[in-house]
Amino acid sequence: MTSTLATPTNAPGDSPFVDLSGNSRRRWRERRVKIFLISSVAVTLLISIAIIASLLGQSIDFVTTIPLDKLWNFEQWAPRIGDFDIATLFMGSLLVTVVAMIIAAPLGLGAAIYLAEYASPRVRRTVKPFLEVMAGIPSIVLGFFAIAWIGPEIVQKLFTEASAFSLAAAGIGVGLLVIPLIASVSEDALRAVPLSLREASYGLGARKLTTIVRVIFPAAISGIVAAMILGISRAIGETMVVTLAAGAYGEANFTTNPLDVGMTVTSGIATLASGTDQVAGPSGGSAYNSLFFLGLLLFIVTFTLNIVGELFVRRIRERY
Amino acid sequence: MSTRDVEVSKRITVERSLQGRRVQPANIIFEISLIISLLASLGFVLLLLATVFSDGISVFQQRGLSFFTSDLSRIPGDAGIAQALFGSVALAVIVTIVAFPLGISTAIYLEEYAPDNRWMQLVRLNIRNLAGVPSVVYGLLGLAIFVKLLGTDTANGSGLTGGRTLISGGLTLSVLVLPIVIITSSEALRAVPYSLREGAYGVGATKWEVTKKLVLPNALPGIITGAVLSLSRAIGETAPLILVGAFYGTFFTTGDTGTLGKFTTTYTALPQVIYQWATEAQSEFNVQLTSAAICVLIALTFVANIGAILLRNRYEKRW
Chain L
0 MTSTLATPTN APGDSPFVDL SGNSRRRWRE RRVKIFLISS VAVTLLISIA
50 IIASLLGQSI DFVTTIPLDK LWNFEQWAPR IGDFDIATLF MGSLLVTVVA
100 MIIAAPLGLG AAIYLAEYAS PRVRRTVKPF LEVMAGIPSI VLGFFAIAWI
150 GPEIVQKLFT EASAFSLAAA GIGVGLLVIP LIASVSEDAL RAVPLSLREA
200 SYGLGARKLT TIVRVIFPAA ISGIVAAMIL GISRAIGETM VVTLAAGAYG
250 EANFTTNPLD VGMTVTSGIA TLASGTDQVA GPSGGSAYNS LFFLGLLLFI
300 VTFTLNIVGE LFVRRIRERY
Chain U
0 MSTRDVEVSK RITVERSLQG RRVQPANIIF EISLIISLLA SLGFVLLLLA
50 TVFSDGISVF QQRGLSFFTS DLSRIPGDAG IAQALFGSVA LAVIVTIVAF
100 PLGISTAIYL EEYAPDNRWM QLVRLNIRNL AGVPSVVYGL LGLAIFVKLL
150 GTDTANGSGL TGGRTLISGG LTLSVLVLPI VIITSSEALR AVPYSLREGA
200 YGVGATKWEV TKKLVLPNAL PGIITGAVLS LSRAIGETAP LILVGAFYGT
250 FFTTGDTGTL GKFTTTYTAL PQVIYQWATE AQSEFNVQLT SAAICVLIAL
300 TFVANIGAIL LRNRYEKRW
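Protein chains in written order, with numbering that gives the first Met the number 0: chain L, 0 to 319; chain U, 0 to 318.
Next up, chain U with everything else stripped away, as it sits in the complex (with noise of 0.2 Å):
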């Protein structure tokens, strides 16, 4: 329990004994509203979680495994997400690649080494509204950079990143979480007190030293928990995806091109199957496919950010 958290409860307690019988009732007309307001939040991913569930739970008992280890149909009893999955999965590992190590580095030179001078202060206010930059904005980026410039603008072309591939897709995703993950690794860094550097110092440590045998690992924590969260977040983006071109449609294959030959051809993610379906959904099988398909996404982002806020509330260190 934080000091605050305890002032607020001797505050409650106060209150109650002060308060007594009496009744006020705009007080309680107020806080009724209140209450009902944050109700209705949470009541409404509640509500979202049931309607989901009860939609797409037949597709799993009739389907069982096979809705996971199918590819894409015509034929909406065949289809499953196989090769969302694989997607889904190997845009990940880019992003954590990619994004991470980059991310990460940038916040520790912010916090430990930068100089406080405009440009840092420039760099830091750019850093901040990269991150409130519309993720479709993303998708125009990497459409422009990494599927024109950098490949040529076809499903299995040739250049750098070949076009619409999987590459093209990870590294649009991975710019596109790097601001979320600088934010939260400097403030994990910022956590760290500033005792604990001056120690290391002290006994003639260089920067570096101090870095990276103390201030990262009592950050890592925190670091883990941003980099955790920033990665639910790229697997759960759709709209960057439709631009750079992850394929949009009832049915492809990638033939037998082995699985480092599926980061250079044609490639779907889960969101993207979602939003596929999702546009279709005016039969009934289409609203359960669809349904099925978004109880998986939801699954692997809740058990990310679920994981995430556990180890923060586990690990988080009081200085």
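With the rest of the complex left out, here is chain L (with noise of 0.2 Å):
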């Protein structure tokens, strides 16, 4: 910096204490900086603010020109001739929800344990990236090798009676998406127990089994658990995955069985939009309205979730 420090700038016979203030150039560049990066936050509140404003109004609009009826009759989702049942989204995001839990928990958990306490730094230093690399693939790639391998390989071999296109095979694709992120939340709640603990366990003759289980994953759990609700949010969230391997298009009927052809409140959203008609266009009327309150009850459950989440890995960080 070529400005010397506390020039004085003021004329002689002022008080000595304002000198110490320095330069007022650079106080106002202070200055100046300071409003930019305070505007620059401002835009983060007002995303927040704009998303919330921009779900809430077409929601208000959608729900108060359907018959109430229609939006919870358990028997079909068809926004272009006016049926809102939300219950068959509901059922479809569970279902997917369910299943990709059933694959992402056990591996996911298992390959965070394998990290934390087996794993010599060498290979773990080498196995992370991998990971990393998994979190990074695009979910519309994940859709396609659910319908390419997924759905034929696994569902159908597994289970003759199923449809080409079901909620297992995009669930067991979200499943894959989720493990990432649950193995490496796992993984930090499992590193931050501290090692005295397992020295502990170790002395008093504990096998490493039982050290893990008894010792090791309760001290962790409260970040175990902060993985599965993020895993859980993000399953929710998941929409191309769904859009393209669970089959319906537009509409689809309720059901409760995972090998049926089915949608959830997020690939709800997306095929309505990518329709051939473009309800994204002028005149979309409630089924145009219906994307956003669709939008709504997503931004709800997932932001719940979130809010949990983030309570439980809280608790981690406090502990230790």
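It is worth saying that the hints were derived from the structure and are not from the lab. For clarity, every value in this text was computed on a predicted model and none was experimentally measured. Warning: the hint list may mix true and false statements.
[To be verified] Listed next, the in silico PhoX-like pairs over lysine-lysine satisfying Cα-Cα at most 20 Å (straight line):
id, chain 1, residue 1, chain 2, residue 2
1, L, 33, U, 212
2, U, 261, L, 33
3, U, 211, L, 33
4, U, 9, L, 207
Starting from two chains that each stand alone, build the complex the way the hints lay out.
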């Protein structure tokens, strides 16, 4: 910096204390920088407000214009002909999430325990980047993998009655997508357990398995719960895998069978918007507004789950 | 090697020598099942890559460069990804211009300037939650704000954004990655030790001088890593683009609009084209076409991801 420090800018005779406040040009620049930075922070707040405002406005329009008995009757979601049964979509999201967690919870947690407790530092350093790369695979790619491979090779081989596209295939695809998230959050939780706890357990003669199951796992439980909650939230919000692999397009019947074609809240939004008549166009009516209603539901559910997950994560940070 | 790694290595050595030749079946079964779950997770990735690559390779062999230089077409044998590549690169440029400066300056304020009060805690909580909002919701935001409010809802309409144009798509993706940029930049800034700042304050530097001359240069590798990772996230996103009206179909043309004109007319992007082709993947040819496009997308995101991870491992400082 070329400017000298505490340059006197005051006329002689002013109070000597003023000199300590420094060069007015530098102070002015500090103010400008600060104002600029604060305004970018304001943008992030503005985004949240914009999300809620845009979702809420159209949702209210939607709920006030359609007959409410159409909203929850376990029949079908077919917005173009005025059937808005959200139970159909909720059930779809539930099935996909359950299947995804059946895949991702044991695999993700197992990988995390191995990396945190068994792997030598060198193995860990080599494997970790692979998991990170896995987390970076675009979901559309897994969606294609789900229709090209998971559907025909896994779901239809295991259950011959399954259709080519199914909620189960979508769920497995989503599960693969969620594994890295669960693995990385639970590994952080396991590694946050201090080594002294392990040493104490070994010192008392416990086996490694006993140490992990009885000492380390309970100590890291809040972080592991957080990993599961964040995984569920991610699975509920996943769009493209389900849009491609679950098969239903634009409308879906209520089903509780994961081997059926189905639709989730997210794929309901995506397929409605990508239809050939472009609901995004000016004359969408209730079908157009229903996009925002679904978005609002999705936002509320994932927001709540994320907050709960956050609270659990904070608990491990405070403990040690 | 971190001190923790050293501790872990010591522990493993002690375990091995204590264990000796004794065999504990439960332990072994447990360890093997853990290894299986790790290998299964990684195996799926390899399987995915192998499937996509073996299906897509024939397109590259038969078509060569023309796959990259042809526009979309109703005839699968002529269809290429030129428009999609242009769209994806243009979207990435918009995200770089909009989201990075905004995200990094927000992170600087939060880490260096912000008072620790309730307001700022709320802002931080808000940003973390924005990072967890499903991408399709950002698509709805883009549809309501950028397509409808700031532009007339047509392909080449008027308004600030012009409706369903690259600009709307780019802004939507910028909003989507902004929280990720903020969080990763914040972490990079936080990793710079406080003693460095104190030293600079001690010789009379102002806050901005400290930030600009000391903190930012030291946090730069971390910030760039985060930025690259969020860029690869943006390139791979499909759901928001569907909602803000990236072209979905088998054929379109923008005519003679020039490079700048393309920002305000119909556009498409790589994931969007993959989506379109994948939904028509009944025919053998479409499977190959889709796989080839996926190879390109994966190559783009992997190069970005691996580059970012290497950059971080190379320049990560241990203070």
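Evaluated hints:
1. 33(L) to 212(U): holds (16 Å)
2. 261(U) to 33(L): violated (37 Å)
3. 211(U) to 33(L): Holds, at roughly 13 Å.
4. 9(U) to 207(L): holds (15 Å)
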